[in-house]
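There are 2 protein chains.
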Amino acid sequence: MFDSLISPKSVAVIGASHNPSKIGYVVLKNLATHGYRGEVYPVNPKGGEILGYRVYRDIGEIPPVDLSIITLPAELTVRVFEDVARKSKFIIPIAGGFGETGPEGKELENKILEIANRHGARVIGPNTVGIYIPRSGVNTALIVPERSRFPGDGKIAFITQSGALGLLTMDSFAMYGVGFSAFINLGNRVDVNENELLRYFGDDDHTQVVILYIESFKDGREFMRIAKEVSVRKPIVVLKAGRTARGGKAASLHTGALGGSDAVADGAFKQCGVIRAYDEVELVDYARALAYGKPFSGNRVAVVTSAGGVGVVTTDYIESDSRGVGLKMAELDEETKRIIREEVVPFASVENPVDMTAQASDDDYDGVLEALNDDPNVDAILVYALFQTPLISERLVDIIEKWHHRGKKPIVVGTIGSEFSMKMLGEFEKRGIPAYPSIERAVKALRVLHDRAHILGRLIE
Amino acid sequence: MFDSLISPKSVAVIGASHNPSKIGYVVLKNLATHGYRGEVYPVNPKGGEILGYRVYRDIGEIPPVDLSIITLPAELTVRVFEDVARKSKFIIPIAGGFGETGPEGKELENKILEIANRHGARVIGPNTVGIYIPRSGVNTALIVPERSRFPGDGKIAFITQSGALGLLTMDSFAMYGVGFSAFINLGNRVDVNENELLRYFGDDDHTQVVILYIESFKDGREFMRIAKEVSVRKPIVVLKAGRTARGGKAASLHTGALGGSDAVADGAFKQCGVIRAYDEVELVDYARALAYGKPFSGNRVAVVTSAGGVGVVTTDYIESDSRGVGLKMAELDEETKRIIREEVVPFASVENPVDMTAQASDDDYDGVLEALNDDPNVDAILVYALFQTPLISERLVDIIEKWHHRGKKPIVVGTIGSEFSMKMLGEFEKRGIPAYPSIERAVKALRVLHDRAHILGRLIE
Numbered sequence: 142m143f144d145s146l147i148s149p150k151s152v153a154v155i156g157a158s159h160n161p162s163k164i165g166y167v168v169l170k171n172l173a174t175h176g177y178r179g180e181v182y183p184v185n186p187k188g189g190e191i192l193g194y195r196v197y198r199d200i201g202e203i204p205p206v207d208l209s210i211i212t213l214p215a216e217l218t219v220r221v222f223e224d225v226a227r228k229s230k231f232i233i234p235i236a237g238g239f240g241e242t243g244p245e246g247k248e249l250e251n252k253i254l255e256i257a258n259r260h261g262a263r264v265i266g267p268n269t270v271g272i273y274i275p276r277s278g279v280n281t282a283l284i285v286p287e288r289s290r291f292p293g294d295g296k297i298a299f300i301t302q303s304g305a306l307g308l309l310t311m312d313s314f315a316m317y318g319v320g321f322s323a324f325i326n327l328g329n330r331v332d333v334n335e336n337e338l339l340r341y342f343g344d345d346d347h348t349q350v351v352i353l354y355i356e357s358f359k360d361g362r363e364f365m366r367i368a369k370e371v372s373v374r375k376p377i378v379v380l381k382a383g384r385t386a387r388g389g390k391a392a393s394l395h396t397g398a399l400g401g402s403d404a405v406a407d408g409a410f411k412q413c414g415v416i417r418a419y420d421e422v423e424l425v426d427y428a429r430a431l432a433y434g435k436p437f438s439g440n441r442v443a444v445v446t447s448a449g450g451v452g453v454v455t456t457d458y459i460e461s462d463s464r465g466v467g468l469k470m471a472e473l474d475e476e477t478k479r480i481i482r483e484e485v486v487p488f489a490s491v492e493n494p495v496d497m498t499a500q501a502s503d504d505d506y507d508g509v510l511e512a513l514n515d516d517p518n519v520d521a522i523l524v525y526a527l528f529q530t531p532l533i534s535e536r537l538v539d540i541i542e543k544w545h546h547r548g549k550k551p552i553v554v555g556t557i558g559s560e561f562s563m564k565m566l567g568e569f570e571k572r573g574i575p576a577y578p579s580i581e582r583a584v585k586a587l588r589v590l591h592d593r594a595h596i597l598g599r600l601i602e
Numbered sequence: 142m143f144d145s146l147i148s149p150k151s152v153a154v155i156g157a158s159h160n161p162s163k164i165g166y167v168v169l170k171n172l173a174t175h176g177y178r179g180e181v182y183p184v185n186p187k188g189g190e191i192l193g194y195r196v197y198r199d200i201g202e203i204p205p206v207d208l209s210i211i212t213l214p215a216e217l218t219v220r221v222f223e224d225v226a227r228k229s230k231f232i233i234p235i236a237g238g239f240g241e242t243g244p245e246g247k248e249l250e251n252k253i254l255e256i257a258n259r260h261g262a263r264v265i266g267p268n269t270v271g272i273y274i275p276r277s278g279v280n281t282a283l284i285v286p287e288r289s290r291f292p293g294d295g296k297i298a299f300i301t302q303s304g305a306l307g308l309l310t311m312d313s314f315a316m317y318g319v320g321f322s323a324f325i326n327l328g329n330r331v332d333v334n335e336n337e338l339l340r341y342f343g344d345d346d347h348t349q350v351v352i353l354y355i356e357s358f359k360d361g362r363e364f365m366r367i368a369k370e371v372s373v374r375k376p377i378v379v380l381k382a383g384r385t386a387r388g389g390k391a392a393s394l395h396t397g398a399l400g401g402s403d404a405v406a407d408g409a410f411k412q413c414g415v416i417r418a419y420d421e422v423e424l425v426d427y428a429r430a431l432a433y434g435k436p437f438s439g440n441r442v443a444v445v446t447s448a449g450g451v452g453v454v455t456t457d458y459i460e461s462d463s464r465g466v467g468l469k470m471a472e473l474d475e476e477t478k479r480i481i482r483e484e485v486v487p488f489a490s491v492e493n494p495v496d497m498t499a500q501a502s503d504d505d506y507d508g509v510l511e512a513l514n515d516d517p518n519v520d521a522i523l524v525y526a527l528f529q530t531p532l533i534s535e536r537l538v539d540i541i542e543k544w545h546h547r548g549k550k551p552i553v554v555g556t557i558g559s560e561f562s563m564k565m566l567g568e569f570e571k572r573g574i575p576a577y578p579s580i581e582r583a584v585k586a587l588r589v590l591h592d593r594a595h596i597l598g599r600l601i602e
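As you go down the protein sequences, you meet chains A and B in turn. Sequential numbering from 142 applies to the first sequence in the numbering used here. Sequential numbering from 142 applies to the second sequence in the numbering used here.
Rather than coming from a laboratory, the hints here were simulated on the basis of the structure. Keep in mind that the hints are not guaranteed to be accurate.
[Unchecked claim] Cross-link-like lysine-lysine pairs, in silico, DSBU-like; alpha carbons within 35 Å at most:
#1 B:K359 <-> A:K469
#2 B:K359 <-> A:K571
#3 B:K564 <-> A:K571
#4 A:K247 <-> A:K478
#5 B:K296 <-> B:K170
#6 B:K163 <-> B:K359
#7 A:K550 <-> B:K390
#8 B:K478 <-> B:K543
#9 B:K478 <-> A:K247
#10 B:K469 <-> A:K390
#11 A:K163 <-> B:K564
#12 A:K375 <-> A:K163
#13 B:K543 <-> A:K390
When you get a sec, could you build the whole thing from the sequences and use the hints?
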């Protein structure tokens, strides 16, 4: 149903501009540089040519399109809206100055909705940064390209009520090569809302996890109904902002949200299998764990490290209920200990955490991961790939990849360091292995895989 | 007292090697490349020259030195120890194979301590990566330089029981330009311990904050006594690992630590003004806040953002007691609101968070920060420097720097994004402004500045 929005065969840009600082230029530039391959119809009464695209003087001149992006101010948007709606399956009016500004703006908003309904066009927004779909090259967002990054294609669909928070978040994760299947900013949400989109991405083959930033649900009950359905086959992570009284007030000023009690939301999320994130980092960290990792229902974690202190802090985070995730450190099988001690790394500490010390080699990791994979007392493995010691090479990524894909046990990777470690983080990402740049983030990702198994157990029973 | 260790006028490397993969080579290489300017005396029976340094065949040939680094295996270390002790104020035996391996190793350890005591030499280690002092260029740590970074000079002294955790942590923060005044790995801690070092760095003019990674205190009461004294003038952050039963067991296998109850430790830390970190990221994040930021005793925070959603999530984190830091969002003075609305940014939301939207310019930030600085209802400011929007430039760093230094209110900066934002994070760091790459980390840093004010209030009363 949203295929024409996600992969439009033709796009009109209403309010196309020659001025590089205008959104009417940026959208065209985005289409050109992000590899959009469909038809492009810039519309501007002045005509001419922009970025090699022929500019149409009047929307009447262009054929029907899948998607129209209106880059005009609010009043002009309303003025052209009927003509645009006649030609378009989807319309994205970018401008603010609608419902978020008060009753007058609200009226403008009602007007465009009425027009759209009449013509059977669907509206994303208004007051939105719009959408970014890496694989189709549609990108309506205005951010300065020299100072930010757009992510590549991936398995995470991102539905957000805050455009800026969404773009910033994608920017920060793009550095490690994290990709997205779609990014949609709901804006004032006069028409298309999170519920329809959640259902759509629930069935979308390109999407393995749906994440949402929401300040208020359009229809909470409906969301829960759909979420319960979708989360049987696909994990959902929600960052519900405005969870405190004061945060709720800030949200109401931001998107007009009226949130309910946070305890109620929490209970509802649990019931319908939604995993909760509390900030922009958790939102994407959890999505990556769920997109790449295997859920596990046991709670016994084996930790592999070459740095003893990292093993100790990890153990604390795994076991602690207060500052930690309340899982358990596995008691390794005697046979596992024997193998590690006698066949693999005689100098290692074979208790869990398995500490191979700075003498560890790639092959030592291989042997230890094999032994842990065979250990009936181990439900999941957290392995630290620390590239600072001399006997470790980039081959460690291949070894972990092998056990991630071939092994029975879920694996989460931690890596701590600067540029080189970040590059390796990108390498893990590329191969679909959940990897994290800090102890706490790695442990929390593990916990989410455990939660996911329990959600599935509950929903499927 | 530790001056000859931190800034030695002469260094002997016992076991100097031509083999680039040996620590006996790496230490010399480190001295050469980190700009050590004192005398260097490599010692190896083969003689010759390494990296341009003349190699002495026998330790008897060299004059007395401030520091000797022994890069030989345990048994050889013991064999040469008497000769080394005769010549040295400080000795760092790098090798493992001492007390951490069992009773026999313990005996070797006792032997070197006895020798050192007899000659009045002090020992760091054994079983240690040693020390790294950026400003004197002494660096005994073996990590692969192509895959890691050593930080530059800075204001944080880092005392750690785990060498690897320490090096990894410094590596990851070096990426943002975070510097350290000293790094000392206690290793098996036969002689020099955290208490003496804490006292020393408490008086060290180069150090503004002391951070410790500790699995077990050598003498907890003594630590608390010194910490209470030092923390009156200098903040102390401790990562006490092994805080859970299982973590304690892991610690005992790692460094032979025998930890006590975590609740007792927590109470003791509070009493003596120690700020607690739970992982490697908090440890350095908190240190940076405390090194650069102003403590504040009120609890009313103003938040400035150009991204509405970021303001909402921040509000939740500031106000929440469960997932948050339990501070308050300031109720802005009416005059502040008037100034912001009428004189600075008419399009901004003047409630707190102050949301200037993507239209914000550098000057808008300037005006808003000025107004908030003058607001009697505001105790601290969290400002998001988001460089993705078109009207923001690098000048924003100058503006925030001005208010950070000139203004009365403490400022913490948040910035979210990829390479460019990371570069700006480095720029803030360079100017001594506490800046963080995520919402949660920025809010937690603020909280630590608040805690610090209360610690000072309690200790000084």
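So if I understand the rule, the pair passes when the alpha-carbon distance is 35 Å or less; does K359 (chain B) with K571 (chain A) pass?
Violated, at roughly 45 Å.
Holds or violated: K478 (chain B) with K247 (chain A), Cα cutoff 35 Å?
Holds, at about 25 Å.
35 Å limit on alpha-carbon distance, applied to hinted pair K296 (chain B) and K170 (chain B)
Holds, at roughly 25 Å.
Could you grab the alpha-carbon distance between K543 (chain B) and K390 (chain A) and see if it respects the 35 Å cut-off?
31 Å, holds
Holds or violated: K550 (chain A) to K390 (chain B), with C-alpha atoms at most 35 Å apart:
25 Å, holds
Agreement of K564 (chain B) and K571 (chain A) with the hint, judged by alpha carbon distance not exceeding 35 Å
Holds, because 24 Å separates the two Cα atoms, which is no more than 35 Å.
K375 (chain A) and K163 (chain A) were given as a pair; does the straight-line alpha-carbon distance stay at or below 35 Å?
Answer violated: K375 (chain A) to K163 (chain A) is near 38 Å, above 35 Å.
Can the restraint linking K478 (chain B) and K543 (chain B) be considered satisfied, given a maximum Cα separation of 35 Å?
Holds. K478 (chain B) to K543 (chain B) sits at ~22 Å (cutoff 35 Å).
Given the hinted pair K359 (chain B) and K469 (chain A), is their Cα-Cα distance within 35 Å?
At roughly 29 Å apart (the allowed maximum being 35 Å), K469 (chain A) and K359 (chain B) satisfy the hint.
Check whether the Cα positions of K469 (chain B) and K390 (chain A) lie no farther apart than 35 Å.
Judged against 35 Å, a Cα distance of about 13 Å means the pair holds.
Has the given pair, K163 (chain B) with K359 (chain B), been kept, meaning a C-alpha gap of at most 35 Å?
Roughly 31 Å between the alpha carbons, so the hint for K163 (chain B) and K359 (chain B) holds.
Quick one, are K247 (chain A) and K478 (chain A) close enough, alpha carbons at most 35 Å?
68 Å, violated
The structure fails hints 2, 4 and 12 (numbered hints given earlier, in ascending order).
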